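Construct the complete structure from the given sequences, taking the supplied hints into account.
These protein sequences, in sequence, are chains A and B.
Residues in the first sequence are numbered from 38 upward in steps of one, following our numbering.
Residues in the second sequence are numbered from 299 upward in steps of one, following our numbering.
If you are wondering where the hints come from, they were derived from the structure by calculation, not from laboratory data.
Only a predicted model underlies this, so the values are computations on that prediction, with no experimental measurement involved.
Some hints could be false.
Claimed, not checked - Quick list of the computed label-pair ranges, beta carbon to beta carbon:
hint, chain 1, residue 1, chain 2, residue 2, range
1, B, S368, A, G102, 14 to 22 Å
2, B, G440, A, P118, 34 to 42 Å
3, A, L93, B, E303, 43 to 51 Å
4, A, K92, B, E303, 35 to 43 Å
5, A, A107, B, N447, 19 to 27 Å
6, A, P118, B, R401, 35 to 43 Å
7, A, Q115, B, D302, 20 to 28 Å
8, B, T352, A, R127, 21 to 29 Å
9, B, P411, A, R127, 32 to 40 Å
Beta carbons: idealized from backbone N, C-alpha and C, even for Gly.
Below, each chain spelled out in residue letters.
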Amino acid sequence: MSRVSDAPETGAQSRGETHGAGRDRTMNERNKPPGQQQMDSAATRSKRPTTKPPKLTREVLTRLGQQLRAMHDDVVNQGVPDRFADLVNRIDGNGSKDKQ
Amino acid sequence: MAMDESVRKAVLAAVPSLRAFAISLCGNVDRADDLVQETLLRALANINSFQPGTNMSAWLFTILRNHFRSEYRKRRREVEDSEGRYAETLKTQPEQHGQIEFREFREALAQLPSDQREALVLVGASGFSYEEAANICGCAVGTIKSRVNRARTRLAELLAINSADEFGPDEQTRAVLAGGERS
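Structure follows, in structure tokens:
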């Protein structure tokens, strides 16, 4: 007889779960065109862990350092623009640009 | 005005990284070059106060940084909503100069408080020690360390939000690492 009393509870639980999941899906997909529904929820799931604020792991520090140096090197590789070379050389008194 | 050839060479040698620092501060190449020009004029006018044997680069960075600070403070008083305009300049500038690959990083950098940004750039890009950076900024070494740490944390957050998929070691990073090991 105990089986009989257990059965309705299990049934209610599983119905409740099904209903809940069904309701969530309906809410999420209500405003989306058909066909994008599955892709969108898959994308949301896969992005969820990476949107957390990252800790300063070795990888993060390495990446930041590379970006900083790459940005720096990009400018440094342009060398000394003529205007600054002229300026420093002129004041140095080597050239005769003052007098010209 | 006569200037020692070695001093002249040291000034010229410092110009490229001085420009890089100025661009990081201003977020605008034209304004940065004006800042470098003004810095060089000031430095050359006061070249006698440079102590031979000390770090020319650090000396020039200090002049540039102080000049930028005083000019920036002036501009803030003069221009209402200077923060907003400043941010706009930072946002539009890199694309104009075709540095699209650094656009996202520069935008994130531009969102940092200026004292954190300069500390991070001095240590992480210009290659100064914490002690040298502290001298340039006129503050304690511990202050620089804490600013650099806060800057890194904030940047990591900003970049993870803006480009979650790209952040972290990827193909490009490995290529850069491999390149770095070779040199």
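Index of numbered hints that the structure contradicts, given in increasing order | Hints 1, 4 and 6 are the ones this structure does not satisfy, whereas the remaining hints hold.
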